[in-house]
Each structure stands twice: as C-alpha cells, then as structure tokens.
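A.B. asks: Chain by chain, the residues run as shown.
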Amino acid sequence: MKKIKCAIIGPGNIGTDLLYKLRRSTLLEPVWMVGVDPASEGLARAKELDLKTTSRGVDGLVPYVKADGVQIAFDATSAYVHKENSDKLTGLGVMMIDLTPAAIGPYCVPPINLKQHAGKREMNVNMVTCGGQATIPMVYAVSRIQKVRYAEIVATVASKSVGPGTRKNIDEFTRTTAGAVASIGGADEGKAIIVINPAEPPLIMRDTIHCLTADEPQQKEIEASVHKMIAEVQKYVPGYRLKNGPVFDGTRVTIWVEVEGLGDFLPKYAGNLDIMTASATRTAEMFAEEILAGRLPLEAAAA
Amino acid sequence: MNLAGTFVTTHDMSLRDGMHPKRHQITIEQMKSIAQGLDAAGVPLIEVTHGDGLGGASVNYGFPAATDEQYLRAVIPLMKRARVSALLLPGIGTVDHLRMAADCGVTTIRVATHCTEADVSEQHINLGRKMGLDTVGFLMMAHMIAPELLLQQALLMESYGANCIYATDSAGYMLPDDVTARIGLLRDKLKPETEIGFHGHHNLSMGVANSIAAVAAGARRIDCACGGMGAGAGNTPLEVFIAVCNRMGIETGVDIFKVSDVAEDLVTPILDFPVRIDRNSLTLGYAGVYSSFLLFAKRAEAKYGVSAREILLELGRRKMVGGQEDMIEDTAITMARERGILPHAA
Numbered sequence: 015m016k017k018i019k020c021a022i023i024g025p026g027n028i029g030t031d032l033l034y035k036l037r038r039s040t041l042l043e044p045v046w047m048v049g050v051d052p053a054s055e056g057l058a059r060a061k062e063l064d065l066k067t068t069s070r071g072v073d074g075l076v077p078y079v080k081a082d083g084v085q086i087a088f089d090a091t092s093a094y095v096h097k098e099n100s101d102k103l104t105g106l107g108v109m110m111i112d113l114t115p116a117a118i119g120p121y122c123v124p125p126i127n128l129k130q131h132a133g134k135r136e137m138n139v140n141m142v143t144c145g146g147q148a149t150i151p152m153v154y155a156v157s158r159i160q161k162v163r164y165a166e167i168v169a170t171v172a173s174k175s176v177g178p179g180t181r182k183n184i185d186e187f188t189r190t191t192a193g194a195v196a197s198i199g200g201a202d203e204g205k206a207i208i209v210i211n212p213a214e215p216p217l218i219m220r221d222t223i224h225c226l227t228a229d230e231p232q233q234k235e236i237e238a239s240v241h242k243m244i245a246e247v248q249k250y251v252p253g254y255r256l257k258n259g260p261v262f263d264g265t266r267v268t269i270w271v272e273v274e275g276l277g278d279f280l281p282k283y284a285g286n287l288d289i290m291t292a293s294a295t296r297t298a299e300m301f302a303e304e305i306l307a308g309r310l311p312l313e314a315a316a317a
Numbered sequence: 108m109n110l111a112g113t114f115v116t117t118h119d120m121s122l123r124d125g126m127h128p129k130r131h132q133i134t135i136e137q138m139k140s141i142a143q144g145l146d147a148a149g150v151p152l153i154e155v156t157h158g159d160g161l162g163g164a165s166v167n168y169g170f171p172a173a174t175d176e177q178y179l180r181a182v183i184p185l186m187k188r189a190r191v192s193a194l195l196l197p198g199i200g201t202v203d204h205l206r207m208a209a210d211c212g213v214t215t216i217r218v219a220t221h222c223t224e225a226d227v228s229e230q231h232i233n234l235g236r237k238m239g240l241d242t243v244g245f246l247m248m249a250h251m252i253a254p255e256l257l258l259q260q261a262l263l264m265e266s267y268g269a270n271c272i273y274a275t276d277s278a279g280y281m282l283p284d285d286v287t288a289r290i291g292l293l294r295d296k297l298k299p300e301t302e303i304g305f306h307g308h309h310n311l312s313m314g315v316a317n318s319i320a321a322v323a324a325g326a327r328r329i330d331c332a333c334g335g336m337g338a339g340a341g342n343t344p345l346e347v348f349i350a351v352c353n354r355m356g357i358e359t360g361v362d363i364f365k366v367s368d369v370a371e372d373l374v375t376p377i378l379d380f381p382v383r384i385d386r387n388s389l390t391l392g393y394a395g396v397y398s399s400f401l402l403f404a405k406r407a408e409a410k411y412g413v414s415a416r417e418i419l420l421e422l423g424r425r426k427m428v429g430g431q432e433d434m435i436e437d438t439a440i441t442m443a444r445e446r447g448i449l450p451h452a453a
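Residue numbers (our numbering), protein chains in the order written: chain D, 15 to 317; chain A, 108 to 453.
Simulated from the structure, these hints should not be mistaken for laboratory data.
Don't be surprised by glycine CBs; every beta carbon is placed ideally from N, CA and C.
Mixed in with the good hints there might be a few duds.
Take a look, some chain D residues computed to stay more than 10 Å from chain A by CB distance [claimed, not checked]: (1) K80; (2) G83; (3) K97; (4) E136; (5) V168; (6) P178; (7) A213.
Listed below are the simulated DSSO-like cross-link pairs for lysine-lysine, each with C-alpha atoms no more than 30 Å apart in a straight line [what the hints assert, rightly or not]: (8) K234/D to K410/A; (9) K257/D to K426/A; (10) K405/A to K257/D; (11) K161/D to K410/A; (12) K426/A to K182/D; (13) K174/D to K17/D; (14) K182/D to K97/D; (15) K298/A to K282/D; (16) K182/D to K298/A; (17) K97/D to K410/A; (18) K182/D to K365/A; (19) K234/D to K405/A; (20) K282/D to K61/D; (21) K296/A to K174/D; (22) K237/A to K182/D; (23) K80/D to K19/D; (24) K242/D to K410/A; (25) K16/D to K134/D; (26) K410/A to K257/D; (27) K174/D to K426/A; (28) K234/D to K249/D.
Listed next, the stretches of chain A that the computed footprint assigns to chain D, with coverage defined by at least 3 CB atoms under 8 Å from CB atoms of chain D [stated by the list, open to error]: (29) 163 to 176; (30) 199 to 213; (31) 432 to 438.
With these hints in hand, go ahead and build the complete structure from the sequences.
C.D. replies: Shown next, in the form of structure tokens:
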C-alpha cells in the first residue's frame, strides 16, 4: 500500500519517539530527519534507520521536498522557530503538524476535532500541549452532555520528562492549555495547572479534570460519555486509563486519569510526551487517509 | 549563641499562608484591619494573596472570598510603613499575575518552586528583577533534599536574579540541625549580597526554634504568622518569635505588645477552628507532608471514611509535592475502594 512521506524536524526525544511511531504506521513513511547540530545523537539514530538527514535546519530539507515527495512534516522544535519552519514548508504544499506551543494553526485534539480539520484542508495544525491532549477529551466528554461553565485541569508530570524548553516557558503551557480547555473542551472558561514531581522512580503522568456544570450534572449520561471517550483515546494511547471518578459533588464533576506511554523511545512514565507523539501520529494518519483517497489535494500556501 | 544586635526582617504570613485554615475566605475588611494592625506594630513586610499564591483561585485549591487584585488594592494603600509582597508558584500563576501585582504596588515578589525544580522560575524571577522588585526565590519542601542539592537549586535562582533565597520547611518537618545545615550552606556559598530567608511551619512545635537556628546560621528574613496562622499547625507564631528575639537582643523593629494584641484581638476571632498541633497536623510534620494538604485530607476523611492521618501518610509515601491537592481525594477514593468501603469503580 502506498504511504505518505513525512519529515520530522527536531531530532530530540520527542522527534525520535515520533520516528519510532511513524515507522510502525501503515499510512506514513518517515523519510527525513531535520536537525541543527551535526553531532546530534538523534540525527545519527535516524540515519541508522535509513532516513535522510540534514543538520542545516529546514533549509537543508527544502531543496528535496519535491523530489522526495514529502507531504507531511512534524515540527518538534520550539515555538520560537516554528513559524519560520512552517512558512518554508507550507509554501511548498507540505502540511505541518506542530508539536510546539507556537499554535499558529488551529488546535487539534484527535477524538474531538480531527475530522473537522481534515475536511477544512488546514495546512498547519497545532497539538496544543501534553496536558491539553490528556485532559481536553474529558472536558469534552462532559460538555457534550451539558453546559460546562468552568473547566480546570491539573497535569502532574515526572520531573525527568519535562525538558528545558517547557521549563523556560512554563507560562506558555498554562496559557495555551487553559485556552484550549475552554475552546476545544467546550467550557465557558478554562484554567490549567501543571505540577512537576521529582519522585523516584518517576511517576506516571496523572491528570485531574474538574468541570463545573451550569446545572445539576446528569450523572448517568456523563459517566457513559466519559467511558466512551476513554475508549476513543485508548485507540491511539493504550495506556490512557480512568483512575477514579467521575465524582459528582454539587455541580462539580471530577475525573482522574493516568497516562502511561508506550515506551517507544521515551520511558513509559513519560505519558505526557507519548500522548503528544501519538496524537500527532494519529492526526497525520487521518490526513494521510484523506490524501490517499484523493480527497485532500495539498496546495502550496501563500507564505 | 550571641545574636544580640542582629537585625532580622520579619515577614508576616497571616494573610497568605493564613488563608489555608480559612479556606481562602478571609474578607477584604478582615485583611485591611489585620494588615493595618501589623503595620502599626512595625511589621516591615506583609504577604497578601490566595494561600497558593497569585492565580491560586481554583477548584483544586479553593476559590477565595475576593480576587488577589481586590485584596492587594484594598490593603496596599493603607500601609504607612509596611511593604506588601505576593507569592507566585510557576505552574499555577504566570507573569501576567506578576505584572498585575506589581501594578497594585507590591514591592516584593516571591517565586516558589518545589526544591528540585528551580529552573521553572527563570522567567518570573527575571521579570521581577527587571521590574525592580525585591525578588525572592522560595524553595519549598526543602527537607526532601540534602543541603548540597538545595544549594544547586538556590544558585540557579540566584543566577536568574533573585536577591534573596529561602529554604522553606513547607511540611514543618525540619529540626534545628536540619535548618542549620541548609541555611549555613546557603549563607556560605551564595553571594554575600544575597539575603537568606527561612519559612517554617509549627507542626512539630519547632517554628520558633528553627527560625532562631536559621538566624544563627545567617538568615536575615524570617517568615512568621501573626496569631500562629498558616497551613498545618500554622507558621512560626509572629508574636512568640518577636518575644524570643527581644529576649536575645535580636532586633526586629516590631512592637511585641502591639503585635500580640493583633493576634488576640483581630486574628484569633476570625479563625474557624484553633490552628494548632492536633493528630493530623502532627502527622504532616512527622511524615514530611505539605502542610496545605491538611483540610483536604480532613474533608476526604469525612466523605470517604478513611482517616485523614492514613491519607496523609500515604501521600507522604508517594512523595507528593506542593500543589498536588488533586491527589488527596483520588488517594482517599482508592484507599476506600481497596478496603471495600466503596464499590469498585472505573
């Protein structure tokens, strides 16, 4: 079966984990790994796996996009360089899946709005944040039953799984996640809290989702909706588990989940990183299906 | 130990850490009267915010009676001498909150992280310093790591621009020797112009003794709470600390009688229950658990039938850090289910 060719920008932990997932895909074929450091271990690893590599950034990839048939690119670098990367590639008709917090394109949380994006021919979609991917499906599971006037999420991650980029700009996490909890989760107002825990052995990512409903919660419907959504997320993150709840207390609905990663390249406790690479892969596969079926002709976007 | 003539800045916590036992419900009027009393008593620095710092208003930590901005704008203009500070925990509050607090007129911003995670404070400490604020790095749960590791984190905060670094005994677990080791090393290795501070909790009745040990080891800022307010069994009781300082010749500029009147006449009457060492707050100090977990564990006990003490011990075993209040109900439900008190869910 024909596969859609992909490039990964950023050969760090996320980019490498993504590479492992793409190699398993029946719809996607990773062909390029793009870095900026010739001594990068990630580039060397990609080369061993027969990918073409460049250490000259996206500029090193651009001349080969057409010849190598690259149609989808993943950006796992940083918010600061994403726009430039995106402009260079979407200008050549390559779809961008943005794993940075730059969020220049619309947010994509696969079980909620992936189909919608595929229909709209978006050239750049953003994967929100790890906390967003882990919690927004639960907010949506409540808001599709009844009005949620306020949703708040608490993401707790192992210290070892939080990279220097996130640490330098932790506010970006709280802001971006809070915004998407409201806009994609379907709440009038959103709030996000992140807690970093250094315990050894490292703890598996935990997320708590609090929703305040406008009226008395419809308990049975919400319970059923939550379980259904858990199953949806498990399709691409098998280690996504409901730990407790939903608990109902007045108009408060609280849900506790755990996110264990697949352990492809990243350790299993880093479910926060795994859910990002898994969501990005899932998103790309959906676009690939559309491209392969001829429903999504990729056109060069005006840069 | 001769500390006579040493000047120590006392920093009152009753209107911030004291928000915990009040479930963040201190009214604006109560804040104003207590802050004015403290100001008149000569307390130089007063912290005002939600108990979990700027942006703490949440389902997870509790919604306060008024917003941080309302509290700050009400209190700051009334101060004749005292300066007002705000606490900020990155991950909960953001630089937007910091800017708001500065606009309200706080002179001091305290950026708090778990003791191993100082590098999440870079953007907030940078900005505080850039704005010309007295910028404090606040390393919480400092009992959990060795003094040498605490120093590494303190050096990071200092490198971001903090002009004062705190060792924070959030669990009220430390004994005076633990304080001496940490404060002594910070004093020895940080820049001479960097101030050192200590924040204690009274869960093992060590608040005053630990604070004196901190002063002896070189700390010059000490957090206290008027009337012994604060999470767990409260912070170091301000009026008691002042009395001990007076006896030792340590200078604070605080009037012992005035401040003990504030404690008796203004703080004690607003308490919902006596903030003291009971079996649960003792457990916090004994097992090294974050003091703010206290009321959450008591509520979970009432709801799920597992004792608060057992819940707190379990949270300690699982090495929960500040901010993980969401895990208290989760832990109680799981424990109740394991004991057959709750039907199997999930």
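A.B. asks: So, for every hint listed, does it hold in this structure?
C.D. replies: Each hint tested on the structure:
For K80/D, the shortest C-beta to C-beta distance to chain A comes to about 41 Å, beyond the 10 Å cut-off, and the non-interface label holds. Distance check for G83/D against chain A: the nearest CB is about 41 Å away, which clears 10 Å, and the non-interface claim stands. The claim that K97/D lies off the interface holds: its Cβ sits roughly 20 Å from the closest Cβ of chain A, which is beyond the 10 Å cut-off. With a closest Cβ-Cβ approach of about 28 Å to chain A, E136/D is found to remain outside the 10 Å limit, as its non-interface label requires.
Against chain A, the non-interface label of V168/D is violated: not every CB pair exceeds 10 Å, the least being about 5 Å. For P178/D, the condition that its CB be more than 10 Å from all CB atoms of chain A is violated, with the nearest at approximately 7 Å. For A213/D, the shortest C-beta to C-beta distance to chain A comes to about 4 Å, within the 10 Å cut-off, and the non-interface label is violated. Restraint check for K234/D and K410/A: the C-alpha separation of about 21 Å stays at or below 30 Å, so the hint holds.
A hinted pair counts as satisfied when its Cα atoms are at most 30 Å apart, and K257/D with K426/A qualifies at roughly 18 Å. With a CA separation close to 22 Å, the supplied pair K405/A and K257/D stays within the 30 Å bound. Straight-line distance between C-alpha atoms of K161/D and K410/A comes to about 27 Å, which keeps the hinted pair within the 30 Å bound. Between the alpha carbons of K426/A and K182/D the distance comes to roughly 24 Å, so the proposed pair stays at or under 30 Å and holds.
Taking the CA atoms of K174/D and K17/D, the gap is near 35 Å; set against the 30 Å cutoff, the hint is violated. For the suggested pair K182/D and K97/D, the alpha carbons sit about 19 Å apart, so the restraint of at most 30 Å is met. Proximity of K298/A to K282/D is assessed by CA-CA distance (about 41 Å); at most 30 Å being required, the pair is judged violated. Proximity of K182/D to K298/A is assessed by CA-CA distance (about 24 Å); at most 30 Å being required, the pair is judged to hold.
A C-alpha spacing of about 50 Å is found between K97/D and K410/A, which places the hinted pair above 30 Å, so the restraint is violated. At most 30 Å may separate the alpha-carbon atoms for a hinted pair to count; K182/D and K365/A exceed this at roughly 44 Å. With a CA separation close to 28 Å, the supplied pair K234/D and K405/A stays within the 30 Å bound. About 25 Å separates the Cα atoms of K282/D and K61/D, which keeps this hinted pair within 30 Å; it holds.
Restraint check for K296/A and K174/D: satisfied, since their Cα atoms lie roughly 27 Å apart, inside the 30 Å limit. Proposed proximity of K237/A and K182/D is supported: the alpha carbons are some 16 Å apart, at most 30 Å. For the proposed pair K80/D and K19/D, the alpha carbon gap of about 11 Å is at most 30 Å, so the pair holds. This hinted pair checks out: K242/D and K410/A have alpha carbons roughly 28 Å apart, not beyond 30 Å.
For the suggested pair K16/D and K134/D, the alpha carbons sit about 23 Å apart, so the restraint of at most 30 Å is met. The hinted pair formed by K410/A and K257/D meets the criterion: a straight-line CA distance of about 18 Å does not exceed 30 Å. Of the pairs offered as hints, the one joining K174/D and K426/A holds, with about 15 Å between alpha carbons and a cut-off of 30 Å not exceeded. Of the pairs offered as hints, the one joining K234/D and K249/D holds, with about 23 Å between alpha carbons and a cut-off of 30 Å not exceeded.
Restraint check on the region 163 to 176 of chain A versus chain D: 3 residues with Cβ-Cβ distances below 8 Å, three needed, restraint holds. Proximity of the region 199 to 213 of chain A to chain D, defined as three or more residues with a beta carbon under 8 Å from a beta carbon of that chain, is established by the 4 residues found. For the region 432 to 438 of chain A, the stated coverage by chain D is satisfied: 4 residues place a CB nearer than 8 Å to a CB of that chain, which reaches the threshold of 3.
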